[in-house]
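J.: All chains, full assembly: derive it from the sequences and hints.
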Amino acid sequence: MDLFLQRLFDGLSEGSVFALIALGLVIIYRGTGHLNFAQGEMALFCAYCVYQFGEWGVPIGLAVFLGMGVGFVLGAITEVALVRPIAKKSPFAVFIVTIGLFQLLNWLDAAIWGGQNRPNTALGDTQRIYPSIFPKNDDDNWPIFGADVKVFNILVFVLVLVITAVLFLVFNHTKLGLAMRAVASNPESSKLVGIRTSTVLMVSWGMAAAIGALGGVVFAGYVGAVNTGLMFTVFIYGSAAATLGGFDSPGGAVIGGLSLGVIQTMVAGYADQWVGDTMKVAVAFVVIVGVLLVKPSGLFGTSKVERV
Amino acid sequence: MKPATTTNSGRPRRLLAAIRRKPWFAIKSGGTASWVIRLLVAAAVVYVVVWVPTRGSGSLIDTCTLALGLMAAAMSLNLLLGYTGQISLGHSAFFGIGVYTTGIFVTRWGWSPLQTMPVAFVVAFVVGALVSLPALRIKGVYLALVTLALGLVFPQMMKWKKLAWLTGGTNGLDQTGYKFDKDNRTYEIFGWNPWGNLRGENSKPFYFWVGVGIVVVVYLICRGIVKSRMGRALVAIRDNSTAASVMGINLALTKGVVFGLSAAMCALPGCLSTMASGTVTADTEMITVAASITFLVIMVVGGAGSLWGPIIGAAVFKFVEEKTGGWTEAEKIPGVIRPLLSWSDVAPGQGIFAIALIGLMFLAPTGIVGLWKQTIARFVAVVPKPAGTGTLAAMDSVATDS
Chain Y
1 MDLFLQRLFD
11 GLSEGSVFAL
21 IALGLVIIYR
31 GTGHLNFAQG
41 EMALFCAYCV
51 YQFGEWGVPI
61 GLAVFLGMGV
71 GFVLGAITEV
81 ALVRPIAKKS
91 PFAVFIVTIG
101 LFQLLNWLDA
111 AIWGGQNRPN
121 TALGDTQRIY
131 PSIFPKNDDD
141 NWPIFGADVK
151 VFNILVFVLV
161 LVITAVLFLV
171 FNHTKLGLAM
181 RAVASNPESS
191 KLVGIRTSTV
201 LMVSWGMAAA
211 IGALGGVVFA
221 GYVGAVNTGL
231 MFTVFIYGSA
241 AATLGGFDSP
251 GGAVIGGLSL
261 GVIQTMVAGY
271 ADQWVGDTMK
281 VAVAFVVIVG
291 VLLVKPSGLF
301 GTSKVERV
Chain E
1 MKPATTTNSG
11 RPRRLLAAIR
21 RKPWFAIKSG
31 GTASWVIRLL
41 VAAAVVYVVV
51 WVPTRGSGSL
61 IDTCTLALGL
71 MAAAMSLNLL
81 LGYTGQISLG
91 HSAFFGIGVY
101 TTGIFVTRWG
111 WSPLQTMPVA
121 FVVAFVVGAL
131 VSLPALRIKG
141 VYLALVTLAL
151 GLVFPQMMKW
161 KKLAWLTGGT
171 NGLDQTGYKF
181 DKDNRTYEIF
191 GWNPWGNLRG
201 ENSKPFYFWV
211 GVGIVVVVYL
221 ICRGIVKSRM
231 GRALVAIRDN
241 STAASVMGIN
251 LALTKGVVFG
261 LSAAMCALPG
271 CLSTMASGTV
281 TADTEMITVA
291 ASITFLVIMV
301 VGGAGSLWGP
311 IIGAAVFKFV
321 EEKTGGWTEA
331 EKIPGVIRPL
341 LSWSDVAPGQ
351 GIFAIALIGL
361 MFLAPTGIVG
371 LWKQTIARFV
381 AVVPKPAGTG
391 TLAAMDSVAT
401 DS
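First to last, the sequence lines map onto chains Y and E.
Per the working numbering, the very first residue in the first sequence carries number 1; after that it's consecutive.
Per the working numbering, the very first residue in the second sequence carries number 1; after that it's consecutive.
Some hints here could point you the wrong way.
Said to hold, decoys possible - Facing chain Y, a subset of chain E residues (Cβ under 7 Å, in silico):
#, residue
1, W109
2, L145
3, V146
4, L152
5, V300
6, V320
7, K323
8, S344
9, V346
10, Q350
11, G351
12, L357
13, I358
14, M361
Claimed, not checked - Sample of chain E residues facing chain Y (criterion: CB under 8 Å; computed from the structure):
#, residue
15, V123
16, R137
17, L296
As the list claims (entries may be wrong) - Straight-line distance between alpha carbons at most 30 Å, and here's what the computed BS3-like set of lysine-lysine pairs gives:
#, chain 1, residue 1, chain 2, residue 2
18, Y, K88, Y, K191
19, Y, K136, Y, K280
20, Y, K175, Y, K191
21, E, K227, Y, K89
22, E, K28, E, K373
23, Y, K280, E, K162
24, E, K227, E, K385
25, E, K227, E, K28
26, E, K227, E, K323
27, E, K227, E, K332
28, E, K318, Y, K89
29, E, K318, E, K385
30, Y, K191, Y, K280
31, Y, K191, E, K139
32, E, K161, Y, K280
33, Y, K295, E, K139
34, E, K28, E, K318
35, Y, K89, E, K161
36, E, K373, Y, K88
37, E, K139, E, K161
38, E, K373, E, K385
39, E, K139, Y, K89
40, Y, K88, E, K332
If you're looking for bench data, these hints aren't it; they were derived computationally from the structure.
Backbone N, C-alpha and C define an ideal beta-carbon position, used for all residues, glycine too.
T.: This is the structure:
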């Protein structure tokens, strides 16, 4: 039972990072119908920025907010400068542009901060380890039903719940949220009733990138370092989580991310002899393909009506 | 991808349009001039292809062999994505099927590497056709992610300890290529050696020729499909799959065959890479998802939905990568752009290509080939053959008479 609880919270904290990336993807997809392939790399860039702020002596609490700010600006600029002009041509072109952005950001990170793990004392960094927003020492445990669960895991899980609640409130109880939902359901009509759709879309991209940035910082803190390959796998899991939950449902993205993390950890933990560490990826994806075959729009997604 | 429509606002645009309306030359398709141009282009291509293995240095031949592999892989993706509109980010897995089929058959059962290529073709065809089953229900973004999952799972599966008896697990396989030495001169024809300097240990030209063979085969398959009834069915599926199925196209069958063929063609360069490198590991970059993205980028930069696009894209990609590979130190960067790039000690190839990709999407969504066609159309007009004079005229007249 102890082991089960520990694994459950391991899985939940891992899944929380997937959920944050997935949330970003879903917010963008609801707004403009595009898959932002650069979501993970945007988060990585912000994670690098947070590390850089730490080098300059900014405390981690503030650095995280600054990093999210960088993410917001990055997302908003992307929407205005790259996505909007090209969206008129074709949605496929937007997908390609986000792939280009993915490669550009990845190269930029390597060009600025180098290919090795950062922080790296050998390269003259003052920080010994990537700043974590939550305590992450070996003896920081809280007892839950008699099991020692890491504080970090619990707090990350709580963080995602809080973010989800805030997003729920924003979507359902503010004017901005109402405008975002209106643009998602019918862009032309919302323009006609006086919603500034371009601003709304810009804000959605910014929000998505900021939430992703938070995910990146949490994950880099969990790993203890940041490198150029850090976020790609996380992005794939995040997109898988969004697929599982349905690409237009924020709640689905969170549930998808959390369950993906739990499934993975449980399978890798309990079927170690058979599955092992390498094949836990496969188990998660088999589940997803299975779900998609039964329900092509994901668990909580709405299916589209086709018109010729 | 639909071509960008130009709006006629403002004077400069109108001027440009006026220039465009009157090209300087007109060439009749099928006329003498057009044949001369075709022959010249063909001669240039043949010259380059013969020059590289016979006169080029060893590293140049290696680079060109890699470029040939990329060409074939990007062409196979082009058939699926450029013509049929089915996005796939899992082509690295099909490439990997080629890599591992050759590796396994050579090391476990002692086959000759070239003999394993038909096997890889069939295996990849079956796997590709199976992947098309979810593609019948899943579309767009979801399909991209399912195929991405395939690309991600494949290398992990090859490392799986339960399959290690076959794939070698994390260690991979060794000695998967030909062993050329002075005693093994299998590929000489009556003492004459058409492959370049094969005698001794220099087997590079041989692999180059295998690469050329693969590219030619893949090109011919693509051309045959695209210019046929099936090719038109593919474009119909891309443009509007519901309408296509209403018009009597069997979606399941067509998608299955295209997925299968695309996968099978992508496996061939995989076989080549196994032969040429002589080792197989699951961590090779070419069988990870990064390679899928490379194929996609090459295809789009060259020109999606055009036969020559991926070939040109792969050549340009490899050229840029080779040229900028050494730009890690400021002294090696050419003087003009040195101030732009000297602040970093990472090779700028990826960044340059990414910027080029984004820029191309704005300027010419149909890639380099599309850009070339747009530019050349200002100077030279190609007059198509009048209807009813082509090789299909006889069949057409039969069809209209009845």
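J.: For the pair we were handed, K318 (chain E) and K89 (chain Y), check the Cα-Cα distance against 30 Å.
T.: Given that 30 Å is the threshold and the Cα spacing comes to 29 Å, the pair holds.
J.: K88 (chain Y) and K191 (chain Y) were given as a pair; does the straight-line alpha-carbon distance stay at or below 30 Å?
T.: 16 Å, holds
J.: Given V346 (chain E) was flagged as interface, is its beta-carbon under 7 Å from a beta-carbon of chain Y?
T.: With a closest approach of 5 Å, the V346 (chain E) hint holds.
J.: Does the nearest C-beta of chain Y fall within a distance shorter than 8 Å of the C-beta of V123 (chain E)?
T.: 19 Å, violated
J.: Does L145 (chain E) meet its interface restraint, that is, does its C-beta lie within less than 7 Å of any C-beta in chain Y?
T.: Holds, about 5 Å.
J.: Check the hint pairing K139 (chain E) with K161 (chain E) against an upper bound of 30 Å on the C-alpha distance.
T.: 34 Å, violated
J.: Are the Cα positions of K373 (chain E) and K385 (chain E) separated by 30 Å at most?
T.: 18 Å, holds
J.: For the pair supplied as a hint, K88 (chain Y) and K332 (chain E), is the alpha-carbon distance within the 30 Å limit?
T.: 41 Å, violated
J.: So, L296 (chain E) near chain Y? Judge it on the closest CB pair being under 8 Å.
T.: 7 Å, holds
J.: Going by Cβ atoms only, is M361 (chain E) closer than 7 Å to chain Y?
T.: 5 Å, holds
J.: Just to be careful: measuring from the Cβ of L152 (chain E) to every Cβ in chain Y, is the smallest value less than 7 Å?
T.: 6 Å, holds
J.: So, as I understand it, the hint says Q350 (chain E) touches chain Y; can you test that by seeing if any CB pair is closer than 7 Å?
T.: 4 Å, holds
Violation of the numbered hints given earlier is confined to hints 1, 6, 7, 15, 26, 27, 29, 30, 34, 35, 37, 40; the remaining hints are satisfied by the structure.
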